[in-house]
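Undergrad: Next come the chains, spelled out residue by residue.
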Amino acid sequence: MGRYIGGRIISMLITFLIIASLTFFLMKLLPGTPFNNQDKLTETQIVQLNDKYGLNDPVPVQYFNYMKNLLSGDLGVSFQQDGREVSTIIGERIGPSAYLGLQSLVVGTIIGLFLGIIAALKHNSFLDYGTMVIAVLGISIPNFVIAGLMQYWLGVKWQLLPVAYWDGFAYTIMPTIAIASIVVATIARFMRTEMLEVLGQDYITTAKAKGLSSTAVVIRHTIRNASIPIITIMGPLVVGLMTGTLVIEQIFVIPGLGEKFVNSILTNDFPIIMGTTLFFSLLFIVVILLVDIMYGIIDPRIRLAGGKG
Amino acid sequence: MKKSRWTLVLSLVLVLSVFLSACGGGGSNNGGNSGGEGEGEGGSAEQVLNLVETAEIPSMDTTQATDNTSFKAMNQVFEGLYRLDENNEPTLGMAAEEPKEEEKDGETVYTFTIRDDAKWSDGSDVVAGDFIYAWHKALNPDTISPYASMFGTAGIKNGNAIITEGDPLYGKVEELGAKAVDDKTLEITVENQVPYFKSLLTFATFYPQPEAYAEEQGDKFALEADTMLYNGPFVFSEWNHGEGWTYEKNTEYWDAETVNLEKITTKIVQDVATTVNLYETGKIDRAGLSADFVDQFKDNEEFSTLVDPTMYFMRLNQSNEALANKDIRKALYLAYDREGLVNVLLNNGSIAAKYFVPKDFVKGPEGDDFREFAPDGFYADQGEEEAKEAWKAGLEALGTDSVELEFLTTDNELAAKIAEYAKDQFETKLDGLTLTINKQPWKQFLELEDSGDFDISTGGWGPDYPDPMTFLYMFETDGAYNRMGYSSEKYDELVSGAKKETDEAKRWKMMQDAEKVLMEEDVAIVPTYQKGNAILQKDYVKNYYVHSFGADSSYKWIKIEK
Numbered sequence: 146m147g148r149y150i151g152g153r154i155i156s157m158l159i160t161f162l163i164i165a166s167l168t169f170f171l172m173k174l175l176p177g178t179p180f181n182n183q184d185k186l187t188e189t190q191i192v193q194l195n196d197k198y199g200l201n202d203p204v205p206v207q208y209f210n211y212m213k214n215l216l217s218g219d220l221g222v223s224f225q226q227d228g229r230e231v232s233t234i235i236g237e238r239i240g241p242s243a244y245l246g247l248q249s250l251v252v253g254t255i256i257g258l259f260l261g262i263i264a265a266l267k268h269n270s271f272l273d274y275g276t277m278v279i280a281v282l283g284i285s286i287p288n289f290v291i292a293g294l295m296q297y298w299l300g301v302k303w304q305l306l307p308v309a310y311w312d313g314f315a316y317t318i319m320p321t322i323a324i325a326s327i328v329v330a331t332i333a334r335f336m337r338t339e340m341l342e343v344l345g346q347d348y349i350t351t352a353k354a355k356g357l358s359s360t361a362v363v364i365r366h367t368i369r370n371a372s373i374p375i376i377t378i379m380g381p382l383v384v385g386l387m388t389g390t391l392v393i394e395q396i397f398v399i400p401g402l403g404e405k406f407v408n409s410i411l412t413n414d415f416p417i418i419m420g421t422t423l424f425f426s427l428l429f430i431v432v433i434l435l436v437d438i439m440y441g442i443i444d445p446r447i448r449l450a451g452g453k454g
Numbered sequence: 011m012k013k014s015r016w017t018l019v020l021s022l023v024l025v026l027s028v029f030l031s032a033c034g035g036g037g038s039n040n041g042g043n044s045g046g047e048g049e050g051e052g053g054s055a056e057q058v059l060n061l062v063e064t065a066e067i068p069s070m071d072t073t074q075a076t077d078n079t080s081f082k083a084m085n086q087v088f089e090g091l092y093r094l095d096e097n098n099e100p101t102l103g104m105a106a107e108e109p110k111e112e113e114k115d116g117e118t119v120y121t122f123t124i125r126d127d128a129k130w131s132d133g134s135d136v137v138a139g140d141f142i143y144a145w146h147k148a149l150n151p152d153t154i155s156p157y158a159s160m161f162g163t164a165g166i167k168n169g170n171a172i173i174t175e176g177d178p179l180y181g182k183v184e185e186l187g188a189k190a191v192d193d194k195t196l197e198i199t200v201e202n203q204v205p206y207f208k209s210l211l212t213f214a215t216f217y218p219q220p221e222a223y224a225e226e227q228g229d230k231f232a233l234e235a236d237t238m239l240y241n242g243p244f245v246f247s248e249w250n251h252g253e254g255w256t257y258e259k260n261t262e263y264w265d266a267e268t269v270n271l272e273k274i275t276t277k278i279v280q281d282v283a284t285t286v287n288l289y290e291t292g293k294i295d296r297a298g299l300s301a302d303f304v305d306q307f308k309d310n311e312e313f314s315t316l317v318d319p320t321m322y323f324m325r326l327n328q329s330n331e332a333l334a335n336k337d338i339r340k341a342l343y344l345a346y347d348r349e350g351l352v353n354v355l356l357n358n359g360s361i362a363a364k365y366f367v368p369k370d371f372v373k374g375p376e377g378d379d380f381r382e383f384a385p386d387g388f389y390a391d392q393g394e395e396e397a398k399e400a401w402k403a404g405l406e407a408l409g410t411d412s413v414e415l416e417f418l419t420t421d422n423e424l425a426a427k428i429a430e431y432a433k434d435q436f437e438t439k440l441d442g443l444t445l446t447i448n449k450q451p452w453k454q455f456l457e458l459e460d461s462g463d464f465d466i467s468t469g470g471w472g473p474d475y476p477d478p479m480t481f482l483y484m485f486e487t488d489g490a491y492n493r494m495g496y497s498s499e500k501y502d503e504l505v506s507g508a509k510k511e512t513d514e515a516k517r518w519k520m521m522q523d524a525e526k527v528l529m530e531e532d533v534a535i536v537p538t539y540q541k542g543n544a545i546l547q548k549d550y551v552k553n554y555y556v557h558s559f560g561a562d563s564s565y566k567w568i569k570i571e572k
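Chains A and B are the protein sequences, given in the same order.
If you're matching positions, the first sequence starts at 146 in the working numbering and goes up one per residue.
If you're matching positions, the second sequence starts at 11 in the working numbering and goes up one per residue.
It is worth saying that the hints were derived from the structure and are not from the lab.
Take the hints with a grain of salt, since some may be wrong.
[Unchecked claim] Selected chain A positions facing chain B (in silico; Cβ < 8 Å):
id, residue
1, Pro176
2, Thr187
3, Lys197
4, Gly228
5, Ile234
6, Ile349
7, Gln395
8, Asn413
Ideal Cβ positions, reconstructed from N, Cα and C, are used throughout, including at glycine.
Chain A with its partners taken away, still in its complex shape:
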């Protein structure tokens, strides 16, 4: 296992460098300048400003400088926010995004698992259909619609929850529901399918024949085995939560990273584009690694270390 992980970490580093390089060159293809009042700048002014930010150097030179700084841990300073460190900006934004992402993931997973298990155990019953209707709605209704409806009814009409801002637990409830809806729906459907499959396995029949109580069969054999594939979808779900909450962040005025990511691209704020992309890539790579490792631990049938990989 140790050797396997070591190998994986080396290939992760290589992947990371490739991503950094690709992002750098793709970014250079973006049209325009990083200057807000570009439409009012003359050619000479643009040249002068580019000089100031080192954007007139040949691209390979810029690339070399960038990679050199990156490897020494320096992400540079924002063009748009006039000299603030990229790492500071990401640092101050990551908190709300991470909090909201985690809370939604936990809440969504618990509810999703619960619904999926109920639906499978009460297969073809009213409960099953009801759960699946919720799941289909959760997947098909965009979360910003859910967010908008909640904000209007819960916030403005009934005044139960604050409309927006980020100022304590009450402020996290509506955004969490909006984001968790997709998690609930995804996990519930997945869990139901897996449970039904496991319930049809011989070892379940064996367990029942041994005289185990049905609760024990469900908890010890069915749920545990059905949960394994859930881990696979957790990786993409986690990253999706971190990157895909932009609209929710906007609607509920949450100072998260999603807004920074999109705006940096719209404004050609190169250092921020690089910083956020690399941050998300790193997160993604690490999550995938963790998923693979957990997979190996939970399911001994998968022998990552010993196999040809």
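Since chain A is already given, all that's left is putting chain B on it; use the hints.
TA: Chain B in isolation, oriented as in the chain A frame:
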């Protein structure tokens, strides 16, 4: 290594999605004017105002800012020699009195005295050297300001030369016609007198910066609430980047007794529906509305509309054979129904415009609005019928019965709707015309427009200084913003003449004639509307003053009356 390859593929997809989202992005900052409307709530006549902005403050360094949000915030916490008052007139700020004027070798020397009680928020004096420090910084090639050209615009000696590469004075900031005679005396030498000189001094680029403090802070200066000093009516008590900022009354401000508000909170809210919901629940006191919310609030007594001096218009590229024909241009000009656009599509108080220099923007030597010489614009009484005639004549001259044109626009939602509207207007009224819409992200749009790669393009323009020239100079032959191959000797003569003319009445007449040449004789552009803003404001908020150039509002005089 199957898993690793999978990782790589996923990572690449992620990178690609970054790139794709870049292509899909929108140019929400049309015409260089972005930034939001404010608002607020309040306790029981507590002097607290709660507002929202649509964007973060990119910079609080007066030499580096380029956007409305920054300029607006700076106007509340900093002050130049003058500041704009309720009527958009310059009123004394850091200057104690109107300057002494002295003519010398065709130049004018203004001697300003700085108030004795002009203080930075740490209690230190605002001195003449602080102005010079900030101005030199703005002009220095190493720290150049995107608004460095303002010094030339103001007519300050060598302002243009210092930022012109190849000029012997290039980069020599000490040659600027401004010097600190002593701590409280600032001398400005003007080589080219402009009537809006004092108004320009209210602009952020002309604010002072606390020299000793700024040098001490170095790179950190003005990056955070506690790494800058303030000399305006308010100070930043908090600045949470990406979330909002809070103002508190500046007790060191020379005119602190005029300032009523104790505190102003500002949060960044980009979603208009959220803004409206916050307003309805009393969390904020002022809200800007988009067109889709106007009908819902039209009859509300807290609803009002404001007109901005920002113009929207179409450039007609004269390197296109058809558009080089004046009749064709005139047909386009007349066929477009502007009323439908402002009443249905925009629905926010925008005004249908057959003119180029906006209404309610600047007043002439007689105190009358520039627009008054042709209040309804040009070809005001002509419409569809005349458009069809002109179209026919144009087609005949070209010897064809069909014309295909490309319509370049940006990809934001409103721009897309307006483009569809234009296509419908032109194609149904002008037989044989086919319009292809080319939607591009804002930056790409600018590149294409700049390189002349379009037939018709739509754009907006807001003023940089309070004078019609900020609009008219755009279409000089070879002007940086002409972009459409328009060239008229007569127009060039009038515009360059007006730039030099010192007799106000004559200058005014020349600018009016120039607009007439552009619009009536040459029909060079198709103006469409002057921008309006729909807002909601609680009735207990008094004296919220909105400005027509520079910072778009002042909080200094606001009062909460409940």
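Undergrad: Next, verify each hint and record whether it holds.
TA: Structure-based check of all given hints:
1. Among the interface hints, the one on Pro176(A) holds; its C-beta lies about 4 Å from the nearest C-beta in chain B, closer than the 8 Å criterion.
2. Because the closest C-beta pair between Thr187(A) and chain B is about 5 Å apart, less than 8 Å, the hint holds.
3. Here the hint on Lys197(A) is kept, as its CB sits about 6 Å from the closest CB of chain B, short of 8 Å.
4. Restraint check, Gly228(A) versus chain B: the minimum CB separation of about 6 Å is within 8 Å; hint holds.
5. A cut of 8 Å between beta carbons decides the hint on Ile234(A): the least distance to chain B is about 7 Å, and the hint holds.
6. This hint is violated: Ile349(A) has a C-beta 31 Å from the nearest C-beta of chain B, more than the 8 Å allowed.
7. Interface restraint check: Gln395(A) against chain B, minimum CB-CB distance 5 Å, threshold 8 Å, status holds.
8. Below 8 Å, beta-carbon pairs count as interface contacts, and Asn413(A) has one with chain B at about 7 Å; its hint therefore holds.
When each numbered hint is compared with the structure, a violation occurs for hint 6 only.
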